[in-house]
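Visitor: Residues per chain, in single letters:
Protein chains: 2
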Amino acid sequence: MTTTISKIGKYNFTAEAVHCDIKQNLFISTLCHHILRAADLHSTERNFGMNYLKTLNKTWVLSRFALEIFQMPKAYDNFSIETWVENVMKNFTARNFAILNQAEQTLGFCRSIWSMIDTETRHPIDLFSVHNGEIVNYITPEKDCPIAGFSNWKTNSNTKCTKQIQILYSDCDSNGHLNSVKYIDHVLDLWDLDFHKTFHVCRMEIAYQAECYFGDTLLIYSTEIPTENANTKEFRIQICKLLASENTEIEVSKLKVCFIKQ
Amino acid sequence: MTTTISKIGKYNFTAEAVHCDIKQNLFISTLCHHILRAADLHSTERNFGMNYLKTLNKTWVLSRFALEIFQMPKAYDNFSIETWVENVMKNFTARNFAILNQAEQTLGFCRSIWSMIDTETRHPIDLFSVHNGEIVNYITPEKDCPIAGFSNWKTNSNTKCTKQIQILYSDCDSNGHLNSVKYIDHVLDLWDLDFHKTFHVCRMEIAYQAECYFGDTLLIYSTEIPTENANTKEFRIQICKLLASENTEIEVSKLKVCFIKQ
Numbered sequence: 080m081t082t083t084i085s086k087i088g089k090y091n092f093t094a095e096a097v098h099c100d101i102k103q104n105l106f107i108s109t110l111c112h113h114i115l116r117a118a119d120l121h122s123t124e125r126n127f128g129m130n131y132l133k134t135l136n137k138t139w140v141l142s143r144f145a146l147e148i149f150q151m152p153k154a155y156d157n158f159s160i161e162t163w164v165e166n167v168m169k170n171f172t173a174r175n176f177a178i179l180n181q182a183e184q185t186l187g188f189c190r191s192i193w194s195m196i197d198t199e200t201r202h203p204i205d206l207f208s209v210h211n212g213e214i215v216n217y218i219t220p221e222k223d224c225p226i227a228g229f230s231n232w233k234t235n236s237n238t239k240c241t242k243q244i245q246i247l248y249s250d251c252d253s254n255g256h257l258n259s260v261k262y263i264d265h266v267l268d269l270w271d272l273d274f275h276k277t278f279h280v281c282r283m284e285i286a287y288q289a290e291c292y293f294g295d296t297l298l299i300y301s302t303e304i305p306t307e308n309a310n311t312k313e314f315r316i317q318i319c320k321l322l323a324s325e326n327t328e329i330e331v332s333k334l335k336v337c338f339i340k341q
Numbered sequence: 080m081t082t083t084i085s086k087i088g089k090y091n092f093t094a095e096a097v098h099c100d101i102k103q104n105l106f107i108s109t110l111c112h113h114i115l116r117a118a119d120l121h122s123t124e125r126n127f128g129m130n131y132l133k134t135l136n137k138t139w140v141l142s143r144f145a146l147e148i149f150q151m152p153k154a155y156d157n158f159s160i161e162t163w164v165e166n167v168m169k170n171f172t173a174r175n176f177a178i179l180n181q182a183e184q185t186l187g188f189c190r191s192i193w194s195m196i197d198t199e200t201r202h203p204i205d206l207f208s209v210h211n212g213e214i215v216n217y218i219t220p221e222k223d224c225p226i227a228g229f230s231n232w233k234t235n236s237n238t239k240c241t242k243q244i245q246i247l248y249s250d251c252d253s254n255g256h257l258n259s260v261k262y263i264d265h266v267l268d269l270w271d272l273d274f275h276k277t278f279h280v281c282r283m284e285i286a287y288q289a290e291c292y293f294g295d296t297l298l299i300y301s302t303e304i305p306t307e308n309a310n311t312k313e314f315r316i317q318i319c320k321l322l323a324s325e326n327t328e329i330e331v332s333k334l335k336v337c338f339i340k341q
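Chains as they are written, first to last, in our numbering: chain A, 80 to 341; chain B, 80 to 341.
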């Protein structure tokens, strides 16, 4: 018996009160956890999930992430996340997401770029080599993701370090790396509660460039970019890892965070 | 039509890979989030949940929490949490929990003590005044929770401060207080990854004594207590809030954390 599985996956979540911020909005980092969970459920159902890849000594690595959110789920709201594969190349795949409320209205969209690596050599894997390249059967170019793609921007090397943090036990994922979502918590912690009461994240872009591990010291640089609209704010954030032995630092990630007054 | 609702609630969860630590175990803090979620679901179904209480300007406040865990759910494990009311007094109620794996084997138990307060005056509420004291209909003394009750211990005033932290945006719940579960993350972050690879939390007790807010500076004091068994470790943790204006500090919470080598 052959079962046809749909190209688009849709998963239900609840904005639990314990995961809501001072505005009763779901934390952006929790939303991103759910987005990554939707990606894993979708890929697992189609035989290329993290847990299966582990048996092949392979894993997915998140490379780029862009989220635009028009309205955050509020405490106790039910919502769903749709996800689909936009396209696949030899070393990268683009996966998109739509966040919908219970009335099926769109709350936001998300784009992501993933590579697959060999967990021993840390080298990229040819995506077409897994399950005879069956991933291409799920490409869904006809499904629209109407938010801007990934932008390129230079980080400002003249900015003064805004904050220094050390990677602790609760920051680390099951591979001992800084959890992809923890970057978001640490960056949004740059602003105080009054700022967060006034401004909401409307777009966030993250470029993950190098892995960080337990004990690493991270330096966070933040630069505000002037905007034309008084109700918006834009920040470019650079996260660097201190290489104490070489008395230098390397960029491990950069983010662009746009806020809107509401 | 009268619907009889059972006294014991049972809720299903999955140990999501994104919430698992270096040992592939669910983070204790995530388990505690699920435990609090189970409490809220159980009380909501019986008309005394947080969301309903908000309409009355009342809320539950967690006062004591004790968890004993024999085996943590691993990444991708399904598990369930049972919860029931052990007893109710005028100003306090005791709620217990059992954590079960898919084969219905017990993974751990949890005890908790709650009070209800008026969110404006912050004064305690008579629990029998809500819904004509219907909460007593759900008291389940016959259900066993075979772990030790809450202990009393003195904090050691001679201990040197182990760590200083500041309460940031991601630490705060929807009331602007330090989230009950975040205490656990901050305390477990006292130990490094190698320690956590070797030792598992087997029992944790928390006494919540005073509320903490965004911007507060917390001082964490940790004292190791000698144990008779070389495979166990016990720590007593005191969390104090710095009152800079008075150049003093007050105890806001204390924890007892027991680890076992596995």
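Simulated from the structure, these hints should not be mistaken for laboratory data. One should not assume that every hint holds.
The list treats identical chains as one, so a pair stands whether inside a single copy or across any two.
Under the rule of at most 27 Å between Cα atoms (straight-line distance), these lysine-lysine pairs were calculated in the DSS-like manner [as the list claims (entries may be wrong)]: (1) K153 - K335; (2) K133 - K276; (3) K242 - K261; (4) K222 - K239; (5) K86 - K102; (6) K133 - K222; (7) K340 - K222.
Quick caveat: nothing in here was measured; it's all calculated off a predicted structure.
Visitor: Confirm or reject each hint.
Guide: We went through each hint and held it up to the structure:
no., hint, in the structure
1, K153 - K335, "within (24 Å within a copy, 34 Å between copies)"
2, K133 - K276, "between (41 Å within a copy, 20 Å between copies)"
3, K242 - K261, "both (15 Å within a copy, 20 Å between copies)"
4, K222 - K239, "neither (42 Å within a copy, 59 Å between copies)"
5, K86 - K102, "neither (35 Å within a copy, 33 Å between copies)"
6, K133 - K222, "neither (30 Å within a copy, 41 Å between copies)"
7, K340 - K222, "neither (30 Å within a copy, 51 Å between copies)"
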